[in-house]
Amino acid sequence: MTVDATAPSAAGADVARLVGRLRQELRVDQVRDGASEVDLYRRDASNMSGEASVVCFAESTEDVRRIVAVANEFGVPFVARGSGTGLAGGAVPPRGAIVISTAKMNRVIAVDEVNRTAWVEPGVLNLDLSNQTAHLGVHFAPDPSSQQTCSIGGNVANNSGGPHCLADGVTSAHVHAIEVVLPDGSVTILGGEDPEPGGYDLRGAFVGSEGMFGVATKVCVKLMQNPPDVATMLLDFSDVADGAQLVSDIIADGIVPAAVEMMDQLCLRAVEAYIHAGLPVDQAAALLIEVVGLPSAVASQVDRIRELALERRVGTIRVAADDAERALLWKGRKSAFGAIAHIQPNYYLHDTVVPRHRLPDVLAQVYEIAARHELLVLNVFHAGDGNLHPLLVFDAREPGVLDRVHAAGDEIVRVSVAAGGVLSGEHGIGLEKRDLMPLMFSPVDLAAQADLRRAFDPHLLSNPDKVLPSPAGCGDVHSVPEGAWV
Amino acid sequence: MSLDEAVAAFALEVGADGPVAIAGTGSRGGPTPGIRTVRAPAGIDWIQPAEMTIRCGAGTTMGEVASALAEHGQCVAIPAPGSVGGALAVGHSGIRRLGWGPTRDTVLQLRYVSSAGDVVKVGGPTVKNVSGFDLCRLLVGSRGTLGFIAEAILRTRPLPAHEQWFCSRRDPWELLRALYRPTSLLWDGRTTFALLEGHADDIAVQAAATDLTPVDGPPELPPHRWSLPPAELGSLRADSSDSFVAEIGVGIVHHSEPSPARTHDVARTELHERIKSELDPRGRLNPGVDVLAPG
Chain A
1 MTVDATAPSA AGADVARLVG RLRQELRVDQ VRDGASEVDL YRRDASNMSG EASVVCFAES
61 TEDVRRIVAV ANEFGVPFVA RGSGTGLAGG AVPPRGAIVI STAKMNRVIA VDEVNRTAWV
121 EPGVLNLDLS NQTAHLGVHF APDPSSQQTC SIGGNVANNS GGPHCLADGV TSAHVHAIEV
181 VLPDGSVTIL GGEDPEPGGY DLRGAFVGSE GMFGVATKVC VKLMQNPPDV ATMLLDFSDV
241 ADGAQLVSDI IADGIVPAAV EMMDQLCLRA VEAYIHAGLP VDQAAALLIE VVGLPSAVAS
301 QVDRIRELAL ERRVGTIRVA ADDAERALLW KGRKSAFGAI AHIQPNYYLH DTVVPRHRLP
361 DVLAQVYEIA ARHELLVLNV FHAGDGNLHP LLVFDAREPG VLDRVHAAGD EIVRVSVAAG
421 GVLSGEHGIG LEKRDLMPLM FSPVDLAAQA DLRRAFDPHL LSNPDKVLPS PAGCGDVHSV
481 PEGAWV
Chain B
1 MSLDEAVAAF ALEVGADGPV AIAGTGSRGG PTPGIRTVRA PAGIDWIQPA EMTIRCGAGT
61 TMGEVASALA EHGQCVAIPA PGSVGGALAV GHSGIRRLGW GPTRDTVLQL RYVSSAGDVV
121 KVGGPTVKNV SGFDLCRLLV GSRGTLGFIA EAILRTRPLP AHEQWFCSRR DPWELLRALY
181 RPTSLLWDGR TTFALLEGHA DDIAVQAAAT DLTPVDGPPE LPPHRWSLPP AELGSLRADS
241 SDSFVAEIGV GIVHHSEPSP ARTHDVARTE LHERIKSELD PRGRLNPGVD VLAPG
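Protein sequences appear in the order of chains A and B.
Residue numbers for the first sequence follow our numbering, so the first one is 1 and each next one is one higher.
Residue numbers for the second sequence follow our numbering, so the first one is 1 and each next one is one higher.
The hints are simulated quantities; they were obtained by calculation from the structure and are not laboratory data.
Backbone N, C-alpha and C fix where the C-beta goes; we use that ideal spot for every residue, glycine too.
Treat the hints with care, as some may be off.
[Claimed, not checked] Now the stretches of chain B that chain A is said to cover, found in silico as 3 or more residues with beta-carbon under 8 Å:
| # | region |
| --- | --- |
| 1 | 128 to 134 |
| 2 | 174 to 180 |
| 3 | 192 to 201 |
| 4 | 271 to 278 |
[To be verified] Every beta carbon over 12 Å from chain A, so not counted as near; a handful from chain B, in silico:
| # | residue |
| --- | --- |
| 5 | Leu3 |
| 6 | Ile35 |
| 7 | Ser168 |
| 8 | Gly189 |
| 9 | Glu220 |
| 10 | Asp242 |
| 11 | Gly288 |
Turn these sequences into a full structure, and let the hints steer you where they fit.
What follows is the structure in structure tokens.
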């Protein structure tokens, strides 16, 4: 059925033995098996759920090592879990897995303020890391919309991005080294504090492996200098295509802004009703552009972006006058998902990437697909790197609506890939897009990925059933993974 | 012949049997002697300036890539000599790593010829992509032991509007703290060399604020390459007979003496062996190359 079909699972009386064994290795209060508590860990922020047998709260590398050793002893799968904010089902426990929560491993261990690096535990929250190092004039660059609650360990597992990854790159570019407990229970360091530690780039292979290559227990991250000058611009357009085209114009002109975000009209209206920032609610779309750096470079880039925008029939150009206005504009962008509750009670957030020059055309197709399925769609996304986030909003109580949401989502993924794009820019594959992998990869390509996975995890115990599709379900989005509900 | 056809022909040449080594331009050392050698296809397939991407055969020289991209005001953050495939297989970064990042981060998508003679695609063509496991990073620096890189889609970057090398007698770590994102900071134990890029006015202001003196270029680099944690660079001493140029904030040291041997723990060594045996079970690709040995 799946490549992991031979991996065993925990069931029945075995669970009691497993819990007893784990309690020999950890304190009793670190091992939780109460039905209602375990139930809380059946899902992440996606709409899929699985089955956990027990939840362990690790407090150290040694705790993780012991848990993984017990998992091997019992032949039971395990899944590491940070904050559970993943959107692709990556932390959904497969087959009665042991859930290893890293939430209590939340210390910033050491900061080298001269060379701008830090060793942190995986449970440190993304925004906490930047806040705790702010007095040194640095920050951790990846800034997912969930940055108040998502963890560094989760960022490593998903190779997370965020608005400010356009210029500085996603998580992989900000991780020097990772201490890991490999799936066989051995502990090692992948990568290094030094730049060329020799051998294969195991660090690079581990980042983005969605928990299938082991558990990160310490991470050495790169911290970026805060820019001396920042300009945040809001530009609006009566035609979405003009705004989308401006994104390519800016990049082709040799300017790589720190961030280029787009919000369409429905999104602008929802956000404005929520935060009252004076957003251009009568326009078709707005671009939020941030350029950072030294003052002369920032000023000349702002001027050049103005010129390019006028050629694309920009409506108004608003430049944040101070930090308060900048914060308000960013609040508008980052609170978009909360604002959507004013429109409909439920949403399904998609994540695909297309070449920047295809944005106008693919956006038009997204609107057409949603209209045909009688769904509302909002677009709020990282336009700078072509990373679309169409948000289908709906009321789940409406009979049959979920089928339409899934059919529309499937089409959006397909048109993105057909336009020369990819399945996911940030959220990962997890369970959600596992069976769509053949849209991008041939059987030979997928076999190479499976080979790498087997090298890290010969017994297939670390978060099985994710990322790699079952050969039987090739390309069929409707083959919902076993144990999942959608 | 199109690049796709050339890649298919290259795969046939690599075949599925017998030991085989890949050769580039020899700028980083040649292939293992006594073994059949193959060469990856050369040629630029396309440049998309608005995407900041380029697709080319791995046999394309870095010189050709640099001059073709320069016409669009762009470049790629891979050091100059040799071929694209050779630079990626070795994986070393250039002296602008502090500002431009490591070679591995330039790679968006690779197609390589596997041990079985198949063409395998890893990564994706867009500047952002988390679809599947990151074999791109794994192949960079793998020295042809896991697969022969046939073609690459690389991320480009804008050429800086202005750039200037400077020197200073000031402590290099003081400059690392004072300058905003210098592109390179080199230190030979006595003098610090800084490369600043960007708007000419910003460069002038930064140079004046930190007392930098313009120079024509970086110092000559000694032949050997060490990799140290950046925090340990202060232990290097200029008073010995050795000479060095250290990349401050990065940790690469260009040294007159060969790098000391490094050790790898058992778990990491075994993981290397498992990866090699999964991806090249018969050990036919670049036999004799030990990626854990310094090189």
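We went through each hint and held it up to the structure:
no., hint, result
1, 128 to 134, "holds (count 7)"
2, 174 to 180, "holds (count 3)"
3, 192 to 201, "holds (count 4)"
4, 271 to 278, "holds (count 6)"
5, Leu3, "holds, 16 Å"
6, Ile35, "holds, 21 Å"
7, Ser168, "holds, 17 Å"
8, Gly189, "holds, 18 Å"
9, Glu220, "holds, 21 Å"
10, Asp242, "holds, 19 Å"
11, Gly288, "holds, 16 Å"
Hint compliance for this structure: every hint is met.
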